[in-house]
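Engineer: Read off the chains here:
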Amino acid sequence: MTALEELTSVSRDITNPYVDEWKRRGKMAVGFFCSYVPEEVLYAGDILPYRVRPTGCQPPTHLADTCLSHLNCTFVRSCLQFAYEGKYRFLDGFVFADTCDHIRRLHDVMRATGPFPFIRLIGVPHKSGEEAVSYYAGEIARFKSEVEQYFGVEITEARLREAIALYNETRLLLGQLYQLRRGQSPPLTGAEALNVIIAATSMPREQYNGLLSRLLGQLRGSQGTGKCRARLMISGGGGCDDDSPFRVMEDLGGLIVTDTLCFGSRYFMQPPAGGDDLIMGLARSYLNRPSCARMSDKVSERAQFTKRLIREAGVDGVVYQRMQYCDLWGGQLLHLRKVLKEGNIPLLDIEREYHWGAVGQVRTRTQAFLEMIEERRNGR
Amino acid sequence: MAGEMSLPKQISDNFRAVAESLQAVTPEWSWSVQLMSDYFGSVHEAQERGGVVGAINFGVPSEILWAMDITPLLIDPIGGVAAAFPEGVARYIDLAEQHIPYYVCANNKTFMGMLLSGDLRLPKFILHPSVPCDSNMATYPVMAEYFGCPYFCIDVPYLRNEAAFTYTVGELRRLIAFLEEQTGRSLDIDKFRQAMEYSNQAHEYMLKIAELRQTVPCPYSSLDAISEYGLVLMLCGTPQLVDYFRKKYQVTAGKVARKEGYLPPGEEKLRLVWIYGAPAFDFTILLHLERQYGALSVAFMNNNFVMRPIADLSTLDQMLMGLARKTVMMPMSRECGGVWENYLEAQIDLLRRFKADAAIFGGHVACKSNWAMAKLVKDRIYDELGIPTLNFELDIFDPRVSSAEDIKHTLGRFLEGVPARQSRAE
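Protein chains in written order, with numbering that gives the first Met the number 0: chain A, 0 to 379; chain B, 0 to 425.
Think of the hints as simulated: they come from the structure by calculation, not from any bench.
Hints are not guaranteed to be accurate.
Listed next, the in silico BS3-like pairs over lysine-lysine satisfying Cα-Cα at most 30 Å (straight line) [said to hold, decoys possible]:
hint: 1; chain 1: B; residue 1: K268; chain 2: B; residue 2: K246
hint: 2; chain 1: A; residue 1: K86; chain 2: B; residue 2: K374
hint: 3; chain 1: A; residue 1: K340; chain 2: B; residue 2: K123
hint: 4; chain 1: A; residue 1: K26; chain 2: A; residue 2: K143
hint: 5; chain 1: A; residue 1: K86; chain 2: B; residue 2: K377
hint: 6; chain 1: B; residue 1: K377; chain 2: B; residue 2: K354
hint: 7; chain 1: A; residue 1: K143; chain 2: A; residue 2: K86
hint: 8; chain 1: B; residue 1: K207; chain 2: B; residue 2: K254
hint: 9; chain 1: A; residue 1: K143; chain 2: A; residue 2: K22
hint: 10; chain 1: B; residue 1: K354; chain 2: B; residue 2: K268
hint: 11; chain 1: B; residue 1: K190; chain 2: B; residue 2: K8
hint: 12; chain 1: A; residue 1: K337; chain 2: B; residue 2: K123
hint: 13; chain 1: B; residue 1: K123; chain 2: A; residue 2: K306
hint: 14; chain 1: A; residue 1: K306; chain 2: A; residue 2: K226
hint: 15; chain 1: B; residue 1: K246; chain 2: B; residue 2: K190
Using C-beta positions, here's what the derived DEER-type ranges look like [claimed, not checked]:
hint: 16; chain 1: B; residue 1: G147; chain 2: A; residue 2: G378; range: 25 to 35 Å
hint: 17; chain 1: B; residue 1: P149; chain 2: A; residue 2: G85; range: 48 to 58 Å
hint: 18; chain 1: B; residue 1: R351; chain 2: A; residue 2: G113; range: 18 to 28 Å
Built from N, CA and C at the ideal position, the CB exists for glycine as well.
All chains should be built: construct the whole structure from the sequences, respecting the hints.
Structural biologist: Spelled out as structure tokens, the structure:
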């Protein structure tokens, strides 16, 4: 298998051979729901951080809907459905952040209707100034103690430093991957890139970095796909872990060359952690990454980040996808639309469910979007 | 309500007319209405004379603003009262929905629409806390960027512990610094202390009144119980609020001493507690329940002020620590902005104290957070208290989601199954 095939196979299902092997060796794995959870802390305790996805969950989510409401997003309802079906029994615990109303209530419902092992929540500030960094460092330190106590592990400074170095390396390598995507002929599609990122959150980090390095070696100098109708950015909210709509867009001639997703650029484009105080370093690194819409003091910065990536990757149009009932990413539109309009950047806004049920709609709307971009380019 | 009319003035004028007509019937009923008229009038006057008006969401301590001679324009009440007027707020909601999704809270959409339409002048700044929900976080920072309006978010941590309170104190300090920068004024500690003393006095009366309201029969009307939430948000830290609650306490204590309920003798058949939203667009629904079913709405989640007055006003830090604790204990922030146990415990306590026969969960359709708990809470209430809960969908500002008639019908069917108080052993 090529490195790309290997990484793609990891992203296709809930579990994969790497996780199976990890568990066979008697090691533990803890699921997390938000990229603001500092994975390095878990990894330093020899616990595999696994980003929870309800990959393959199709409606109806009848078990989840006995507790959650139809007004809750289908991502959390699908996660709860899988939790109740036992699909996550390979996980020894779950870590949440107070990411959004849906996620924090998933945390509550799972605690109330368990038993699920080791459920914890890390309070993440909505700001990134030094006071918020200090507060978040306190939360990370508390989480570290809870992990040590519950799992009977010791997270030493040395192990934490190693884990941080490993994760920093991932960020560096993914940065190189995205650099390749910016070229005139990107060596991989947006769908492929998504699967590469998902794999990062689903397998042991040393092995992932090894595969990613191999992939980069294979991609450098390879003849990529230059011919397309339009270079696209995928922007918007979470729960975007299914490559099928990306493939639809790319089958129609769009080429996804960059994104602002948390299964994407926002996952790795953060300042490297480290320093003398490792916990403070982690807090500062995570709070100063390209932000989620939950962060209150970063509205303008998010728009500038989007514009920067548009410029660097030569983007012709932005596809903004957001989950139905996601207030945070829905609210961003008020400002982002204005900013993109001022920059003469076409925007396609797609509201969806987790499972992208209306792929036909994606096809139709993408087709129209690509035609519009072509007409603008041709001066019509 | 279109065009160049000042919304605050229009609201003030409308309330004044209502207060005058109530004055002729029962003076007590006119007090809260007159107070609201005065408040919105003061907002209008401040805008007219170039005074500083800051738009704030509930949870921002109005004491700080009043102490700095800043008129707080409370976003929730202005939307709530406008929703009750004949033309409602559909126009503002529809305008906002041209920019943001329909499922964002009507509270935020109404404010956004008011600004977009020009019916509400852009405030000097927008202030809001990070609690209780995504709708606030999704809209206020974005509105501020869109309109070019300075804003400040009081970041209130999700988990409530000493580190969280310390962080919130820091946020309040940064809020003061922000206000000083925006206004060119410094916070006068003595004026702030005076505002806090007024706030404490009002809270003392509120707690005493809450005790009296728990009496059977209940001496308080449904409308007073729900409308006072807005008054507290708007006027906490002012002598006007103290005066209002002092008068209400005297009247209510007198009624209890005479064993008088709000409803005529024998007419209080059911005691309802609204454990979440209520239809702000038509509070006469509550009157309908009283008349039709003898069902008095004795308490509301939104009027459940349980925080003690802040004892230590000796230093700025102590006052801010008191306010930090108060902020997280404010109705809505306490219940909806933290773990579900906060909500559950608060509602069970409320239902128990007020001797409820039934709980009404008016499920505001934009509230994903509370709807995620609704089933769990309903079951737990029945397990612990043996009383039924009605969960139903509405938009607290927009009758197009569930009309007043639909809501009356839904409530009526539910109440018909709840045993009347007189037929149950006390």
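Engineer: Please work out if K268 (chain B) and K246 (chain B) have their alpha carbons no farther apart than 30 Å.
Structural biologist: At roughly 27 Å apart (the allowed maximum being 30 Å), K246 (chain B) and K268 (chain B) satisfy the hint.
Engineer: Checking one constraint from the list: CA of K354 (chain B) to CA of K268 (chain B), max 30 Å. Satisfied?
Structural biologist: Satisfied, since the Cα-Cα distance of roughly 12 Å is no more than 30 Å.
Engineer: Hint says 18 to 28 Å; check whether the CB-CB distance for R351 (chain B) and G113 (chain A) agrees.
Structural biologist: 27 Å, holds
Engineer: K143 (chain A) and K86 (chain A) were given as a pair; does the straight-line alpha-carbon distance stay at or below 30 Å?
Structural biologist: 26 Å, holds
Engineer: Taken at face value, is the distance from the CA of K377 (chain B) to the CA of K86 (chain A) at most 30 Å?
Structural biologist: 28 Å, holds
Engineer: Check the hint pairing K246 (chain B) with K190 (chain B) against an upper bound of 30 Å on the C-alpha distance.
Structural biologist: The hint holds at about 24 Å.
Engineer: Taking only the CA atoms, is the gap from K123 (chain B) to K306 (chain A) under or equal to 30 Å?
Structural biologist: 29 Å, holds
Engineer: With a cut-off of 30 Å on the C-alpha distance, tell me whether K207 (chain B) and K254 (chain B) pass.
Structural biologist: 14 Å, holds
Engineer: CA of K340 (chain A) to CA of K123 (chain B), is that 30 Å or under?
Structural biologist: 27 Å, holds
Engineer: Are the Cα positions of K190 (chain B) and K8 (chain B) separated by 30 Å at most?
Structural biologist: 28 Å, holds
Engineer: So the hint says 25 to 35 Å: do the beta-carbon atoms of G147 (chain B) and G378 (chain A) match that?
Structural biologist: At 33 Å between Cβs, range holds.
Engineer: Can you confirm whether the C-alpha distance between K86 (chain A) and K374 (chain B) stays at or below 30 Å?
Structural biologist: 24 Å, holds
No hint from the list above goes unmet by this structure.
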